[in-house]
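Student: Generate coordinates for the entire structure from the input sequences, incorporating the hints supplied.
The chain contents come next:
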Amino acid sequence: MRRLPIGVLACILLASWAAAPGGLAAGYGPQQTVVIALDITDAVTLDPNLAYELSATMADHQMYSNLVTFARGNLTQPRPEVAQSWDVSKDGRIYTFHLKRGIVFSSGNSLTADDVVYTFQRVVSLPKDPAAWLITQMGIDDKNVSSAVTAPDPSTVVVALPKPFSPGAFLSIMANPVAGIVDSATVKAHVVNNDWGNGWLTDHSAGSGPFQLARWERQVAIELVENPRYNLGPAPQVKRIIFPNILENTVQREMLGRGDADVAWNLSAAQLAAVRSDPRLYVVQTPDLAMEYLGMDVKNVPAFAKAEVRRAVKYAIDYDGIINDLLNGNGTPLQGVIPKGLFGYEPTLWFKHDPAKAKSLLAEAGVGAGFTAELLTSTGPAAGGISSGDLAAKVKNDLGAVGITINVRQVATSELLKTYRGQQSQMVMLSWFVDYPDPDDFAKPFGDYTQKSLAWRLQYYNDPLVKLVGQAAEMQNTPERGAIYTKVNETMAQDGPFAILYQPVLSLAVSKRLQNFLFDPVNFIDFLSLTKH
Amino acid sequence: MAGGIIVAGFLVIALAGPVLAPQDPLAQDLGRRLSGPTRDHPFGRDSLGRDVFTRVIYGARISVVSGTAVVLAATAFGIVTGMLAGWKGGWWDETLMRITDMFLAFPSLILAMAISAILRPNLTNALLAIAVTSWPVYARIARGQVLTLRTRDYVEAARAEGATDAAILTRHLIPNAVAPILVQATVDIGNIVLISAGLSFIGFGAQPPTPEWGVMVSEGRRFLMDQWWIATFPAIAILLLVLGFNLVGDGVRDLLDPRLRKL
Amino acid sequence: MNLLRYVARRAGLTVFVIFGITLITFVISHVVPADPVVSYLGEHAPPDLVEKVRHQMGLDRPRHIQYLLYLRDLIHGNLGVSIMDNRPVSRDLAQYLPATVELSTAAMVVAIVIGVPTGIVSALYKDRWPDQVARVFALGGTSLPVFYVALLLLGLLYSRLGILPGPGQLGIYTPPPPHITGMVAVDALLSGSWATLGDALQHLILPAFVLGYYSAGLITRMTRGSLLEVLRQDYVRTARAKGVAEPRVVLRHALRNALLPTVTVIGLTYGGLLSGAVLTETIFSWPGLGRYVTNSMISVDIPAVLGVTLVIALIYSAANLIVDVLYAYLDPQIRYT
Numbered sequence: 002m003r004r005l006p007i008g009v010l011a012c013i014l015l016a017s018w019a020a021a022p023g024g025l026a027a028g029y030g031p032q033q034t035v036v037i038a039l040d041i042t043d044a045v046t047l048d049p050n051l052a053y054e055l056s057a058t059m060a061d062h063q064m065y066s067n068l069v070t071f072a073r074g075n076l077t078q079p080r081p082e083v084a085q086s087w088d089v090s091k092d093g094r095i096y097t098f099h100l101k102r103g104i105v106f107s108s109g110n111s112l113t114a115d116d117v118v119y120t121f122q123r124v125v126s127l128p129k130d131p132a133a134w135l136i137t138q139m140g141i142d143d144k145n146v147s148s149a150v151t152a153p154d155p156s157t158v159v160v161a162l163p164k165p166f167s168p169g170a171f172l173s174i175m176a177n178p179v180a181g182i183v184d185s186a187t188v189k190a191h192v193v194n195n196d197w198g199n200g201w202l203t204d205h206s207a208g209s210g211p212f213q214l215a216r217w218e219r220q221v222a223i224e225l226v227e228n229p230r231y232n233l234g235p236a237p238q239v240k241r242i243i244f245p246n247i248l249e250n251t252v253q254r255e256m257l258g259r260g261d262a263d264v265a266w267n268l269s270a271a272q273l274a275a276v277r278s279d280p281r282l283y284v285v286q287t288p289d290l291a292m293e294y295l296g297m298d299v300k301n302v303p304a305f306a307k308a309e310v311r312r313a314v315k316y317a318i319d320y321d322g323i324i325n326d327l328l329n330g331n332g333t334p335l336q337g338v339i340p341k342g343l344f345g346y347e348p349t350l351w352f353k354h355d356p357a358k359a360k361s362l363l364a365e366a367g368v369g370a371g372f373t374a375e376l377l378t379s380t381g382p383a384a385g386g387i388s389s390g391d392l393a394a395k396v397k398n399d400l401g402a403v404g405i406t407i408n409v410r411q412v413a414t415s416e417l418l419k420t421y422r423g424q425q426s427q428m429v430m431l432s433w434f435v436d437y438p439d440p441d442d443f444a445k446p447f448g449d450y451t452q453k454s455l456a457w458r459l460q461y462y463n464d465p466l467v468k469l470v471g472q473a474a475e476m477q478n479t480p481e482r483g484a485i486y487t488k489v490n491e492t493m494a495q496d497g498p499f500a501i502l503y504q505p506v507l508s509l510a511v512s513k514r515l516q517n518f519l520f521d522p523v524n525f526i527d528f529l530s531l532t533k534h
Numbered sequence: 037m038a039g040g041i042i043v044a045g046f047l048v049i050a051l052a053g054p055v056l057a058p059q060d061p062l063a064q065d066l067g068r069r070l071s072g073p074t075r076d077h078p079f080g081r082d083s084l085g086r087d088v089f090t091r092v093i094y095g096a097r098i099s100v101v102s103g104t105a106v107v108l109a110a111t112a113f114g115i116v117t118g119m120l121a122g123w124k125g126g127w128w129d130e131t132l133m134r135i136t137d138m139f140l141a142f143p144s145l146i147l148a149m150a151i152s153a154i155l156r157p158n159l160t161n162a163l164l165a166i167a168v169t170s171w172p173v174y175a176r177i178a179r180g181q182v183l184t185l186r187t188r189d190y191v192e193a194a195r196a197e198g199a200t201d202a203a204i205l206t207r208h209l210i211p212n213a214v215a216p217i218l219v220q221a222t223v224d225i226g227n228i229v230l231i232s233a234g235l236s237f238i239g240f241g242a243q244p245p246t247p248e249w250g251v252m253v254s255e256g257r258r259f260l261m262d263q264w265w266i267a268t269f270p271a272i273a274i275l276l277l278v279l280g281f282n283l284v285g286d287g288v289r290d291l292l293d294p295r296l297r298k299l
Numbered sequence: 396m397n398l399l400r401y402v403a404r405r406a407g408l409t410v411f412v413i414f415g416i417t418l419i420t421f422v423i424s425h426v427v428p429a430d431p432v433v434s435y436l437g438e439h440a441p442p443d444l445v446e447k448v449r450h451q452m453g454l455d456r457p458r459h460i461q462y463l464l465y466l467r468d469l470i471h472g473n474l475g476v477s478i479m480d481n482r483p484v485s486r487d488l489a490q491y492l493p494a495t496v497e498l499s500t501a502a503m504v505v506a507i508v509i510g511v512p513t514g515i516v517s518a519l520y521k522d523r524w525p526d527q528v529a530r531v532f533a534l535g536g537t538s539l540p541v542f543y544v545a546l547l548l549l550g551l552l553y554s555r556l557g558i559l560p561g562p563g564q565l566g567i568y569t570p571p572p573p574h575i576t577g578m579v580a581v582d583a584l585l586s587g588s589w590a591t592l593g594d595a596l597q598h599l600i601l602p603a604f605v606l607g608y609y610s611a612g613l614i615t616r617m618t619r620g621s622l623l624e625v626l627r628q629d630y631v632r633t634a635r636a637k638g639v640a641e642p643r644v645v646l647r648h649a650l651r652n653a654l655l656p657t658v659t660v661i662g663l664t665y666g667g668l669l670s671g672a673v674l675t676e677t678i679f680s681w682p683g684l685g686r687y688v689t690n691s692m693i694s695v696d697i698p699a700v701l702g703v704t705l706v707i708a709l710i711y712s713a714a715n716l717i718v719d720v721l722y723a724y725l726d727p728q729i730r731y732t
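Residue numbers (my numbering), protein chains in the order written: chain A, 2 to 534; chain B, 37 to 299; chain C, 396 to 732.
Be careful, since some hints might not be right.
Computed list of lysine-lysine pairs in DSSO-like fashion (alpha-carbon distance at most 30 Å, straight line) [unchecked claim]:
(1) C/Lys637 - C/Lys521
(2) C/Lys447 - A/Lys468
(3) A/Lys453 - C/Lys447
(4) C/Lys447 - A/Lys300
Pulled a few chain C residues facing chain B out of the computed Cβ check, cut under 10 Å [claimed, not checked]:
(5) Val541
(6) Phe604
(7) Ser670
Partial list, computed: chain A residues near chain B (C-beta under 10 Å) [to be verified]:
(8) Glu249
(9) Thr251
(10) Arg254
(11) Glu255
(12) Leu327
(13) Thr380
(14) Ile387
(15) Ser388
(16) Gly390
(17) Asp391
(18) Ala393
(19) Ala394
(20) Lys397
(21) Val409
(22) Val412
(23) Ala413
Since the hints were derived computationally from the structure, they do not count as laboratory data.
We put the beta carbon where it would ideally sit given N, CA and C, even for glycine.
Tutor: This is the structure we're talking about:
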């Protein structure tokens, strides 16, 4: 008698097994769905004014529109999106945006200037906001936002910057997901305990982009579906985007191979090479607005106080070996501090791999016998998908060949940052990624120690350089600005404490079912032009 | 006693490592990275062109040495505390046993992860962490043994003769209590190798370029399907070493006391 | 000694142990050479933003004050707010715990279903070839690194052969079942979504097998050992002498007593499963505690580390307590002082 329930259970299980879906779709099928396998565990919130991690900003970019945007491939010239035109005052401090009429949110509410003002208020008022500094660095904070950002009429937004700020940088930031315009009426309706609607907006969407949020299951998947009310452009062919959380890049590759995923995001250089020889897949690449660099603290290691020694290090590195052998070609040479793709990029390669020259420079500086330094790097991957450990081992080899003994210490990123930010490191090996596509986003951290960013962490106090960087910041993209950045790059190369190793190439492995795949490091994938067969 | 042969083999490899190994475990050859098994490189090369065979041999040293060191430390500390608790009884016993309970209330990998994360991830700290998670078991065993043996006749006799507590402990109790501890210890070495490899795999243990087996499997996992040798040979090495110690442990157990089948 | 008093005493001790754990964890996690605020904000955050957020998170108060506040909240059932997630830790745990429980329990079932029969066969055919094969199988389980087995099987059975589905609890296109317990397969069963249940079960096989294989080895050895011991006992010989058929001897008389130590092993291996889950969940992208534990330790998310520590210790202690009680209940000869 006791056998019966067990038997029944077994039958149920077997039956449901047989019925298991092979491609069950809730509405849209695989034909209209793009599946992108990547690691989404970094996502903390999908609230655009608070999100700062890759997976979250990628999703937000599709769900929210901004005043301006960058058209595919051209990151030097902002284009209208919600704003159809804008005027800038002569002193570059007052911006007047004229909004397009008739834009609606996914809820059906109209987009007006009040929504833009509310968005700014949220950015500077939300607590624990990692993205807020993009706006607050302009001098706008929760105390002055109501006078700095105003809406004289429903189609006009006026931003009055409290202090001088680079016009190029300002517009770039306006295109950044942090300035994604939210549906103020909907968000206000969900405010709980003065949280500015953040509790609700964390896993819901209220934007005017081509997609809206279907669901976000933490650690499992982010799913977007088309926003039928989208009217800022033609509707995309793709109706659904799913980002399943796949932690192992080996598994991402396997899913791609079996057709369960259309794009694999985190493949390593070696895996990409294998993908290239697979007839069903192809690799899409774009130079990332980032670089991997070696930092030398000019005070903690006495030898690094001398510019000759810093130059010697730059001559000791085997750049081609790193790019060709370690990265399998997934990197481009870069020695200036502004990456390729931005205004101010400097293609000059001042340093060729020359151990002899390095040794003679060391001798010149009086450390011909060599010296020792500790290289701090993270346990995670380096830019371009190779392991930091491998890269550090290569650097150790290269520097060892000219007499500099390197002790590699791999630590968790959190510890690395604590030491580095505390001016306690000797040498570091890290990457630096773009926030907004203006050369100032790189020149300031690398060159201006008063920002308390990278230059400060390595105790590199160069006042003339600070002046140059400040000058260039306030200019538009003119030949004069270009000339100043040439000087900045030159100074950083010859004197700076940063040995730029390479600029990584962002590579995605894509199924040939996807065509018209446009991809850039700021807007990521262009789903509006993407087609799937 | 196949286990004994395997273990002995590993001991030899560990001791004679650098002599046996054909290459330098850290020497890179980027041009020939990811090449398969050949006569010169029977286990192939890894992602930096290093010889996998050599690295497996060096890894044997690391694993054998680490495993033994940790077990020695854990048993030493565990025996001392366990004996103390069992002999003194009362307040000593209660406190020490509660402390061991605290540690036993933890799955070992997670506790080891926590300690490693705090102390900064490297091989030494990982081993320290594992030792911390291992000693409670020995304390328990030692205490149990003392409780059982303290009522034996020879102990009474010794005490009647006026022998000090310490003397009784060292001369009579420890030698007789050793059996179950030895069994546990041999099996434990294998477990320690596994835990240490697991820690290295998630990044909390030994770091690259150390040729530790866990690190090697972790580094080689991206290449598992195409260049399988990079991760597979270290994994087989782990398997064989742990297997060897498990077999030896079984053998020791059968040898010393066939009635001892409890954990 | 009375069973109830025994349970009460053990429970009380467990509470004491838990508190000790929180203190230890709190102390050592504040000694970590890392800054959780910078972890959360990211590397680009300017120093003034870091200090502002540190204040908003209450991390600039003296350590002992932080601990006392934590204890006070704990007593009220509040585990604090996770730094990396910006959500209450209790919500995080409630979200991720069911997946790990589901996986561990499935692994336990696999381990028992594989381990016990193998152990029995092994004992009955002692020293003949089924015994040898079974012992090799068992030893293999306890000697192989679980992460390697996971990657290998996933690569072979999913990628190369396509027999089993890929990572995750459900297929990409399968809508999740209504949230009842948080365990996907159970929820699918309870809500009658048969297709979803099938998908969930298919996704459960491989991770459960990989995770359970290690325990299966232990259970096999335990069962074999204790069954062999019991088969030598007098009452078994008596039954045989009385002419009782062999299978009945084994099943009715021997097995019941032999399984007692196995029960102990089950309790102990549950803890091992939690450890193994850390590694397995990463490879199978299983949204459970394992991944949460690793992440919170890497980013030094103190409230999360504390919360996870507590929960794991609680589960482990509870499992051990249940096993000990079961043991004491089943075997009247054993009552602990």
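Student: Of the hints stated earlier, which fail here?
Tutor: Violated hint: only 6; rest satisfied.
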